Amino acid sequence: MTNDHGQQPSHTLTRRELLKLAGVGAGELLLRPELAHASGEVDAENAAAMLYDATKCVGCRACEVACKEWNDLPLEAELPSDTTAHTWTLIKQYQGESSESFRKYQCMHCLDPACVSVCTVGALSKTEDGPVVYDTSKCIGCRYCQYACPFGVPKFEWENPLGLIGKCTFCADRLADGLIPACAEACPAGALTFGTRKQMLKEARKRIEQNPNRYIDHIYGETEGGGTSVLFLSDIPFEKLGLPVLESAPVTHASVMVANATPVTFATAAVLFSGIYWLTKRRNEGLKEKED
Amino acid sequence: MAMTALTIEFKKLSTTGKIVLGILAILTTLGLVTGIYRLLTGLGTTTALSDSYPWGLWLGFDFTLIAFGGAAFTMAMVVHLFNLEKYESVLRPAILTGFLGYVSVLVILLIDLGRPDRFWGFIPYANLHSPLFEICWCILLYTIVLTLEIAPLIFERLKQPKIMRVLHAAIIPVTVVGVVLSTCHQSTLGTMFLALPERTHPLWWSWLLPLLYYFSAIGLGLSATILVVLIGSKAIGREPEVDVLAGLGKISVWVWVIYLVFRIGDLVFTGDLGYVFALDSKSTLFWIEILLMAIAPIVLYSMRDVRQSKSGLFWTSLFVFLGVGFNRFDAMFSGMPPTNMEATYFPSFIEFAVQFGVLAAAALAWYLAARLLPIFEEG
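Top line first, the protein sequences correspond to chains A and B.
In terms of our numbering, the first sequence opens at residue 83 and continues consecutively.
In terms of our numbering, the second sequence opens at residue 213 and continues consecutively.
The following block holds chain B by itself, in its conformation from the complex (with noise of 0.2 Å):
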């Protein structure tokens, strides 16, 4: 039944929307084929990643990702735990963003493993002084979270009151442990970095690292949310609450003049700022970031004009994408090799082909999710 009803909201749908679709399920092929290739023939063959360059494309996707898919547990804090109900007509269009956000870094994770075989093996063997073992586990448990907290949507479809009920009182639970992992793995992410003084850059390195990549989590979250909302509604032709979202653009502003100041403050503190004003390639860097991750948002989402207008607030919220993206990157490669200095990493065409296939396939699994389910209604 769902499959007729489908095929029929496939035929009304418009040439861009065929094309866009098309578009999506041939980059989905492409990634699967390559990101099997890679599997079956390893690293050194598919990959321009290095000795000098262990990490690249990929990882900097995961860093990234799982920011955006903060959109769960922001704005699951933000209607559960806070108490806002205006904003619950949004929260699973945010759920679902994080759900795929992070089956998507799992599915790069795995791909990007030096041995796939032994996923499972922070399970039996414990590292606790590793920020990779405590981030393992966190995803993990936050997986099986974001499951629970998708599956009132698809009960709900099915029509099955019992179980609704169940995951109903379950709710508070679930999000105040899903807040938790997220705030411990989130603010971790900065810690994996703590843990390479060596290897980045002043500007990317403080002792505020786990804090400032929580908050950037968070602000990226909400902005997660406006664009996953506006871009959503646009692919099933709906209106979307431009209301709600200036809401969370107003939320926006404060967390990441919160984010600023630790950031600011951090580099006066330690004597670092001289760097901010090298005007080499880092100092470059890091204005983009700071200009499109906080400034941006500062600025565009307290004049009400922006965002009261649907493209004021897809812009904005497309800049802080960009700009937390920018930041993750940076971080990795700030830092120069110990060894081997000149070596230098661009992602090969098979890195980028597994990319972006399995972006693609997690848009695809978005737009389906809200055809089929009741994202877009409130529970």
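Chain A extracted, bound-state conformation (with noise of 0.2 Å):
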């Protein structure tokens, strides 16, 4: 379990390759509509992606320093150990078998996102660029976004009495002009590398053929829950990183199934029950009639 990452080819086809090269695609369409909806998966590839590198991150937290001043975002009272809603990015050091390595915490932004399905009132959504972003005058604050993220990255004012989620926005203004991320843009080390989703798998690959000795010899994000605009490679497994080990499937497609039914259950429902009271009805009066 821990390093079956390891045996995969560098190539894999997705999911939805799979579907499309079995001539498939138009079906998956038809069968979960949402898909294409909700990611633009039409232009994911072409989308914006970033690349991080965690062999040649060297733990400097210039992103995090450029992040907090692009986003205005307030200094925290303490140094936190975790993300926060006003701290969108952070470096952690994680142990391996005989080196260490760091980890930038950040949003993924999933090309089928949990937090943008689930999210009450659709203030989290995917935009056609990239980016997974939040409307801050829609949110109700019901949390729902926090339980359904498989990386635990939005999070919430606590503090605030009319408090907000806070989370990585991608830098979709400044993606909107043309620039890249402002943690990509002030990464001295070369470990954030930015593009389009198709370049970023290409570059990842062609790191790992020509260092195959200094790469675990996956892409994480490439098919994790439906794939990220965010890729990691690493040398040590991604588990030591704290990624979790998701299937290819988006991870709220089982709920999206089942709330596409919804009009079939209430079909289902209306004619069910007004048939048994029908039913039901038909049978007293035959009794009464009967003991009359």
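In case anyone wonders, no lab produced these hints; they're calculated from the structure.
No experiment lies behind these values; they were computed from the predicted model shown.
A portion of the hints provided could be inaccurate.
[Unchecked claim] Straight-line C-alpha distance at most 25 Å; calculated BS3-like pairs for lysine-lysine:
#, chain 1, residue 1, chain 2, residue 2
1, A, Lys-280, A, Lys-138
2, A, Lys-363, B, Lys-298
3, B, Lys-462, B, Lys-522
4, B, Lys-224, A, Lys-372
5, A, Lys-322, A, Lys-288
6, B, Lys-298, B, Lys-522
7, B, Lys-446, B, Lys-224
8, B, Lys-462, A, Lys-363
9, A, Lys-174, A, Lys-372
10, A, Lys-370, B, Lys-298
11, B, Lys-374, B, Lys-446
12, B, Lys-522, B, Lys-224
These two chains come separately, so use the hints to put the complex back together.
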């Protein structure tokens, strides 16, 4: 279980590619229109993505500072050990078997995000450009997104009587102006590379091929939870970096399937219970006639 | 006039009765004060909730109370849709319980929201994929249905035959709408956890969750009716309809048999049965809830002597209540936070105070309604 990543071939077909090859892509879209709808799947590969190479990260935290500055986030009273509603990215150090490694915490900007799927009011959404963004004006503070995110990304302003969620926006405002995310721009070690998802996957594969001894033979985020826009390369197993082992189906695929069936549930229940009423009423009338 | 009648009734109360009412009044006041304090100061200062445990005691009680309030739709279904007239005498207590249960849930949800000032947010802003969006709408609409179902009691007391006739004519369509809405949101509470496979232990995660939550809401609905009729009768000094309640116990047996077949069958089918016998804390919790919510009613309600006695009915229905409560809380706390895994959660004093305050207020309202309205009289 701990290291089955290592055995995977460097280029695995994603579930979607497989389905498309099998000629059932249209069927897939019919069955699960939300995939295309929620993530703008059609062009996910050409939307913004970022590659974090843990082997290049030196832990200088320039990304944290740049994030705070660009997003105008208040400083914390004491250094947090985890991201918070006001600290959207954080570098942590992890111990592998023989070496140490850094890991950058931030929103993974999933292609089919669980937070977007469960958000009661649609305050969270995945944009065509790639970022998962949050509309502060819609949020009611139910915190379902916090429970649903497998990476524990959305954080809440607990000290605010009218608290909201805080999370990395992939610097959506910078992307719109043709800039790259503040953290990627600030990184002096070349650990953060920005581009389209297609380019980042290609780049990651190239690095693994050129340095097979340096990397675990897996790109984290290529398939996890339906794929993410932030991809990871590492020399120690990804679980050791605190990254969850996820299936290739989107985290909320089961609930979305049931939610899509809601109109059917409503109609079935309405017909069923009206029918039961009609039948038992006739039965009772029949019984009464017999008694008379 | 009603007030003088109440004063007379209150004077006739036993010392125990007065003490119980006094405690409920104190808890209600404490809940009101702490609830307002929470709204003014925020969740961080008043609760033990955190980014690792964003949901706690309040949400757990909401899930349990919605199933408890299932008494209303279950009994409306039994009486009006299955046309089992025998049970009409306990329909009104069940409807009242549903109404007060749902109002309590709405109050707690409001206090639990990060932005209580935007509680209406789900009306203009929709996310059709969100189980919680569907639940919000169903609960809003179903509370309106419950109000329509409660209304006849008030207009009967106010002697308004015209309004009574209109409400009476609407009973069947209103009941069908109520049962359909309940079917949807009770099962969607299961879908809420279906969306959390990474945060829910396999013993509490299954594709059948919507079905399991629905059947357990019917099961608790039946036992909740037994419980409130027994306690309500005691409170106002009347004899409960033990024969009728025994019939509900008998129906319960079948509901819990179906539940158990689905719950265990699913674990066998998915190969997760091993967790049941893992002898760790999760399997212990699983056994506690299964014993209380399913095995206890199947065994005890099957015994004629038990279901024909007040104490037998009381304890069995209390076990079901506790078991379903365990089930809803277990599911919520069964998984690990994705980061900061060593974090723990235990509710703060204010969380308890607000929760018990709302429950005490509901109990007081139930008592007053039973005194003032024709709750225990057939319409």
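Taking the hints in turn, this is what the structure says about them:
no., hint, in the structure
1, Lys-280/A with Lys-138/A, "21 Å, holds"
2, Lys-363/A with Lys-298/B, "14 Å, holds"
3, Lys-462/B with Lys-522/B, "15 Å, holds"
4, Lys-224/B with Lys-372/A, "49 Å, violated"
5, Lys-322/A with Lys-288/A, "23 Å, holds"
6, Lys-298/B with Lys-522/B, "19 Å, holds"
7, Lys-446/B with Lys-224/B, "14 Å, holds"
8, Lys-462/B with Lys-363/A, "22 Å, holds"
9, Lys-174/A with Lys-372/A, "80 Å, violated"
10, Lys-370/A with Lys-298/B, "15 Å, holds"
11, Lys-374/B with Lys-446/B, "34 Å, violated"
12, Lys-522/B with Lys-224/B, "24 Å, holds"
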